[in-house]
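Residue strings, one per chain:
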Amino acid sequence: MSSKESCRNELRSAIRQLSNRCLYSAAQWAAEQLVGIEQDPAKYTPTNTRFQRGSSSIRRRFRTNDITSTPVAGVSYVSTPVMEEDEVEDSDFYLLAKSYFDCREYRRAAHVLRDQTGRRSVFLRCYALYLAGEKRKEEEMIELEGPLGKSNAVNRELISLERELSTSWKNGTVDPFGLYLYGIVLKDKGNENLAHTVLVESVNSYPWNWNAWSELKSLCTSIDILNSLNLNNHWMKDYFLASAYQELRMHNESLTKYEYLQGTFSFSNYIQAQIAKAQYSLREFEQVEVIFEELLRNDPYRVDDMDMYSNVLYAKECFSALSYLAHRVFMTDKYRPESCCIIGNYYSLKGQHEKSVVYFRRALKLDKNYLSAWTLMGHEYVEMKNTPAAIDAYRRAVDINPRDYRAWYGLGQAYEMMHMPLYALHYFRKSVFLQPNDSRLWIAMAQCYETEQLHMLEEAIKCYRRAANCNDSEAIALNQLAKLHHALGRDEEAAFYYKKDLERMEAEEREGPNMVEALIFLATHCRAHGRFEEAEVYCTRLLDYTGPEKETAKIMLRGMRMAQSSFPPMDVEHFPP
Amino acid sequence: MAGILKPPGAFAVTPHKVSVCILIQMYAPPAMMSVPFPFSSVAQHNRFGLYLFALTKSCEDILEPKLDELINQLREIGDVLYQWLTDQLISRLSSLSSPDDLFNLFSDLRAILGGTDLSAVDDEQVVLDPNSNLGMFVRRCLLAFNLLCFEGVCHLLTSIGIYCKEALSSCSAYELPCLDDSSNELEALSEYENMDLENIVFEKVNKEIEARKKASEEVSFHLHAPKALFGLVEDIKVSAVSKSQGGDKCREASPSAHAPNDAMREFDSISGAFLRTNWQMQGYLMEQADAIEKHGSSFSLNAFELILRQLQKLAPELHRVHFLRYLNSLYHDDYFAALENLHRYFDYSAGTEGFDFAQPSIGCNSFGRYEIALLCLGMMHFHFGHPKQALDVLTEAVCLSQQHSNDTCLAYTLAAISNLLSEIGISTTTGILGSSYSPITSIGTTLSVQQQLFVLLKESFRRAESLKLKRLVAANHLAMAKFDLTHVQRPLLSFGPKTAMRLRTCPTNVCKELRLASHLISDFVSESSTMTTDGAFSTSWLKNLQKPMGSLVLTQENVSGKDSNAFQFCAQPSSIPGSVLQLVGSSYLLRATAWEAYGSAPLTRVNTLIYATCFSDGSSLSDAALAHVKLIQHLAVFKGYKEAFSALKIAEEKFLSVSKSRILLLKLQLLHERSLHRGHLKLAQKVCDELGVMASSVTGVDMDLKTEASLRHARTLLAANQFSEAAAVAHSLFCMCYKFNLQVENASVLLLLAEIHKKSGNAVLGIPYALASLSFCQLLNLDLLKASATLTLAELWLSFGPNHAKMASNLIQQALPLILGHGGLELRARAFIAEAKCLLSDPSFSVSQNPEAVLDPLRQASEELQVLEDHELAAEAFYLIAIVFDKLGRLAEREEAAALFKEYVLALENENRQDEVDPLLSTP
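If you're matching them up, the sequences are chains R and P in order. Just so we're aligned, residue 1 is where the first sequence starts under my numbering, counting upward by one. Just so we're aligned, residue 1001 is where the second sequence starts under my numbering, counting upward by one.
Mixed in with the good hints there might be a few duds.
As the list claims (entries may be wrong) - Each computed PhoX-like pair below joins lysine-lysine, with the alpha-carbon atoms no more than 20 angstroms apart:
id, chain 1, residue 1, chain 2, residue 2
1, P, Lys1458, P, Lys1468
2, R, Lys137, R, Lys368
3, P, Lys1313, R, Lys137
4, P, Lys1313, R, Lys187
5, P, Lys1642, P, Lys1654
6, P, Lys1388, P, Lys1739
7, R, Lys135, R, Lys187
8, R, Lys462, R, Lys499
9, P, Lys1313, R, Lys368
Don't read these hints as lab results, they were simulated from the structure.
Chain R extracted, bound-state conformation (with noise of 0.2 angstroms):
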């Protein structure tokens, strides 16, 4: 990793180029890494470090380890030299045309800037140009829509703009900035092999720009591809790859590199919420709580990933938590699709499931292809019982990212609450192909076997054995597995699972039918085996609980003993030879 001060540096400049191009978000992310950058103590009076205190409590309350101590070995990070601006001076020009850009007039930019040579006013014609064919491509979606849903808007911009950058590329006149375009106009043609090539060779060019790496990361849908990109070796490529990672669900591989970065960039907001959705994913929703009350309170304005927050905030059922943040970001800005989200979420955790629905597809107007709003929209249809509905909406999910193993989940269960357990399984199987360590997914599948339909007891063990081998905290699985066992009239895997439930239960201090069921099965097992003394232990325990289970074990114990008595043990000794 390079010094801070070297960062610090590459990022202002580059702060400086970005918002020059109107690249505004890449700047603005830029922006939000430089002040994530930790703070020299000795330099900077306490003020400037204020806002930085919070987020230093969560590391030290989850560092378990150091891993900035062990940088990754042999890794020489190159020094990409920091990119000279051509024009020194801006042109009048170019001032009126990114002056035009800001008030959001790109065609009047473009036009300003017609006969400009200079690689920046070129990269802010195309830019424009680009822009303004996305923005009158979002109008025509809307007037032009079919009575079929047809949406074959297209940017018109993009042929021009293709003739022009590919020519300006194969002259090698282009700059970093006129690559990253030339990459989503060829991304945006469908052509994807090229638009990796332009794009790998602008970020080595220039690794600052984060749009070009995001542009990357979404062509990156395999880890075949991602193996395949000749990068530099840069800081910002560990932000790449870790985002990538994310996306291709390796957690584990994400969380050891945003934990890596953290040793620079120790305050970053943007990492902190990276590493909550990667927690998320892992279902650590403690941590991801934590993480997310120290963000809010550093960036109380944020609606970025607070989605995410809504959802675990759902989880944990806290009503008022949710309201407070749903009423946060609805003053913030309402019309984000996160927003309707987590307004969404908590009428659907008050019960309310219409008004929770409206949200939902308010935020699907904002953003058709926002996953989670289709899942969820899901969940509430199945809980209006409206299955029709709740199976388009799942299938849509399926359609958008056929990886989404939730929503394949739940048209499993919508297609078993409609009675077509044979029918649902098709959908479990294909969940827990792509989720095979949640124990909720194996359970489903099972009880769908284990149904009056289909009956298939030996196909439900099997997946019930899968779910108690991946920690299933609900301990439904080996329950159910000795009562499975019970029923086939395997009594010896029966007791073997029942005494492995029981051992669990005592663990963790559970008690309730469950026990008592273990504890008779095993009485009753024991004595028919002989192992009296053992069936003793679970008659005494037995006696702990009220009900008919307690007059059984008294009388099983009574007649344990009767028979002991009757029959003493032949003792060798008392007949001498």
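Given chain R, work out where chain P should sit, using these hints.
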């Protein structure tokens, strides 16, 4: 959006519709007399009207035609008119330069519609009836235009500009007087556009079009696709993935080249393309579905998949596309794609879209009709040969249809289950259907599979009849006939008063069921499916425009009668849908099969021929292949192998890629039989092994193939004189047939066992088998097989010595009429030889007194056996002839016969010895 079913068929104004409107305006200009200006005759006028009608109805493609295509079609309408019509059309289209022009156009259009009160109008005046097809079309266009917002009108204007420009720039071949004019106007148009919001867009688009023209020499792909579709055999054997990779590679090699890769071309062809109306698209999809079913695996997978993908892009809410993709992958044996697409289709449509038999009124919104999904899934598993899964799924479908009281679906599901049960072999009855199926469980679980099948058929039939599902009723009749053909009906209940039942199959029942099935055609009039016939008619009419006769007819003046003839000739609107024709056709095939079983060769042939001539164009290719197989088999049995093989060559060419297995199977069968007859045993064994490999390895699937393979194996062993092995194979085959209740096959296995014992010289053991086979044949009415069993029995008696010759002779006389009438070459020859042998061994018969009584049958036998190339039997015949001549003292003839005998024996030995590969096998 989820849970909301969009109203189907919203209608959008497109450039193509505008030009059709303009053409309609020319067809019926307001205030004109009976034949408006450019038309010279009523016939011409009518033909133009018919053309317009076809334009609005045809469903040959998903996209609307471009202007140049339209102009090309207009050219077909008539040379004289063509110039005038196209000039008018283009000038009026290109004169649309501002939104106001469009408004004017549509308000003019209103004038050509007559009022509702037609009686007030003068008879001579051409008025468009507002309720006619064209009138409706115009009204819909008017309505759609009125509903457009201003942006919509602007878009329409822009796309009309592109529509014209594209046609004009691409076909400069048209000598249009107004070309300069219109291009000026187009420039004016683009100037106007500059004032508009999208100042540069238009120029860009033009550039784009030019760039595309330069870049891709080929026409954009949707022009080609239908041709590729109907060209059938020439499939594009390149998968989409490899194609795009290739494109990308070439990109990387020369990054500046404008070579269009896959995605780009798709992108290009979509911009500026408009979908046809929803109605037309549904029609197109239905036609394609029929085509897939008809042509099976020869249907081009990739070309159609490309169209579907494009359609899905253009109309993401048209869920039927997924079903078509399912069908496409199903018939190309792509299990995973089929499964995926099936699930996707039903997830989106909830089973409420596109099934004729689903009544949408009954609460489809609250439940959905997922039982149909199960039904389809079950049939899919059946298609892929997973009987166990299929049965499970169908059982679930039964439960669900009962729960949702969807009787229609239940009837279909029961029919599907009975079809499944009749096709696959199931040995045990337990666990076939889940406990929840009430009609079965109420009777008890002791029923055999056959009895269950019978109950299911009856049940399905009852429901279909009460619901008036004609096609299902007919299909059930056929299934019943099939059942009656091979099964002896027994009383279902094992208690109660026993009615006296003749334990035989009932040919009359079969006949009755078959007749009832054929009534479907006459019944069909009442069912309405105008959509397909209308659309199909229009499509074929438009397609036939390309034929030269159209213009020929029009140039003549006095042609009204001829014209209609020509039109009837080239596009006969058939009022009977393809599915009905297919069903009726299969009833004829079943008739042929029934006669085959009952042993009447001529009737089999006649029925197959009826099928091949009358139903072959409506039938699926696999059925057609079956008919050909039957005919070729007939040839082989009656005319010998030479003719059969030459016919097979023709069939192989005809069904080049289709139902490969069936034709291949036939080839193997013929090869096996011929090599058995010639005594070429190694080849026979090889062929037999190949045949066995063709069957699926799943238990219960492909039972007929499996039995046939082992039957042939046993026969090969028998020919090699390995009697005990042959007997062992036959025994195990018998056990299998018994286990799976294959009674007909049992009869022939028993006969084979008798033959084995006969040939091994163990006649005493053979007789019980022959008798058992005989009784089986009697039970199942298998007359021809019975005759051949009788013959075998006679041969067995004969081998006991001269004492039993009388008995044998009697048996042969019994069987002879049937054998001579219906038997094939081999059977007849065997009968003749046996007859001669009987006479020869009869001590009371003297050759010298009546030589012809022996010589005549022997000569006939030898002739037939020579045709059949059966060396062994031919040798025997000549041997007998030589003996007879010897007894008669006709030495020259004796020598001749003896020489032939020697030749055949040597040939047999040669074949046995040589190991060369048969030329027919080596060149498949």
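Compare the distance between the alpha carbons of lysine 137 of chain R and lysine 368 of chain R with 20 angstroms, and conclude whether the hinted pair is satisfied.
-> holds, 15 angstroms
Does lysine 1739 of chain P lie within 20 angstroms of lysine 1388 of chain P when you go C-alpha to C-alpha?
-> holds, 18 angstroms
Hey, lysine 1313 of chain P versus lysine 368 of chain R, does the alpha-carbon distance stay inside 20 angstroms?
-> Given that 20 angstroms is the threshold and the Cα spacing comes to 15 angstroms, the pair holds.
Given pair status - lysine 137 of chain R, lysine 1313 of chain P, alpha carbons within 20 angstroms = Roughly 16 angstroms between the alpha carbons, so the hint for lysine 1313 of chain P and lysine 137 of chain R holds.
Taking only the CA atoms, is the gap from lysine 1458 of chain P to lysine 1468 of chain P under or equal to 20 angstroms?
-> Holds, at roughly 15 angstroms.
For the pair supplied as a hint, lysine 1642 of chain P and lysine 1654 of chain P, confirm whether the alpha-carbon distance does not exceed 20 angstroms.
-> holds, 19 angstroms
Keeping to a limit of 20 angstroms between CA atoms, is the pair of lysine 1313 of chain P and lysine 187 of chain R held or broken?
-> Measuring from Cα to Cα gives roughly 17 angstroms; hence the hint holds.
Quick one, are lysine 135 of chain R and lysine 187 of chain R close enough, alpha carbons at most 20 angstroms?
-> holds, 17 angstroms
Given hint lysine 499 of chain R paired with lysine 462 of chain R - CA-CA distance at most 20 angstroms = It holds: about 19 angstroms lies between the C-alpha atoms, which stays within 20 angstroms.
Every hint, counting from the list given before, is met by this structure.
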